[in-house]
Structures are given as C-alpha cells and as structure tokens.
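Student: Position one of the sequence shown corresponds to residue 6 (the numbering used here), numbered consecutively onward.
Treat the hints as calculated values from the structure; they're not laboratory data.
Some clues are possibly wrong.
[To be verified] Per label pair, the in silico range of CB-to-CB distance:
1) 115 - 7: 15 to 21 Å
2) 60 - 108: 27 to 33 Å
3) 7 - 83: 20 to 26 Å
4) 108 - 13: 29 to 35 Å
Ideal Cβ positions, reconstructed from N, Cα and C, are used throughout, including at glycine.
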Amino acid sequence: MTVQYAIPRSGVPAPAALRRWARAAAASLSVTVRIVGRREGRALNRRYRRRDHATNVLSFPYGNTGDVVLCHPVIAREAREQGKSVRAHYAHLVVHGALHLRGYEHDDNASARHMETTEIRILRRLGFGNPYTVESGRTA
C-alpha cells in the first residue's frame, strides 16, 4: 500500500490510517492511495468520467493493483455538510474506492445494497459507524 500526497497534509489522515483502511477492503491488492486538490480531481474526473467537476473518490483498477484518488477539498466539504468527521468520511471513501478495485459496483439497487452492506461491515470493524446515517464515527 502506497500513499501519495499531491497537496499539503494538513487536515488529511496519516498514511498509516489510509493504508489500514485500504487494506481492510482490499488486502490482496497492491493499492496506491493519492490525495489530490480540486484541480487534479477535476482533471481526472473530466478525462476518465467525462464530468467537469472534482469528485470525492475515483478508482482505477489494473488487475491485482489499482489507484484510489481522493480529492481533499471535496471530502472536507462533504464531511461538514453531512455532519461527519473528516476522518470518518475518508475511511468510508477509502473503503469504497478499494471495493471498486475489487470489482464492486453500485449501478443498480441490488449491487448498491451489496456494496453498502460490505462497506458498513468493514467500517464497523475499523471502529466507524454506518456512513449512510449520521452516526458516522468514532476516531478509529
């Protein structure tokens, strides 16, 4: 597990936490977690998803490896809006992104329920509450 910071680390969880969360969801994969700013997040989302805005998390699977890209400004804003700690929201999005690397999707109701149930179970093991409610989190 590799962690890259393309922005200053202030307000971003430590590499050890990011690695632990990614490992909890995708232990068998070699994952790079990259924390980016709004400009890089927007450029990646525009290039790979054809959406002209920064998004919270993007996943790029490559066989037994993959990248999870997290956009800090979007994550911090969403955490405030949702009444969650930034740490809890990061944990959720790292797990979410890592599950995408394992092939999980949320394209329909059944696959979304399966992915959400898996996220909730992993996050509970990590000491966080259900990210889909506002019970979101201890400081694991």
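Student: Determine for every hint whether it applies to the structure shown.
Tutor: The hints, checked one at a time:
Taking the beta carbon of each, residue 115 and residue 7 are about 33 Å apart, not inside 15 to 21 Å as hinted. Distance hint check for residue 60 and residue 108: the Cβ-Cβ separation is about 20 Å, which falls outside the suggested range of 27 to 33 Å. About 24 Å separates the C-beta atoms of residue 7 and residue 83, a value consistent with the hinted range of 20 to 26 Å. Judged by the Cβ atoms, the range 29 to 35 Å given for residue 108 and residue 13 holds: they are separated by roughly 33 Å.
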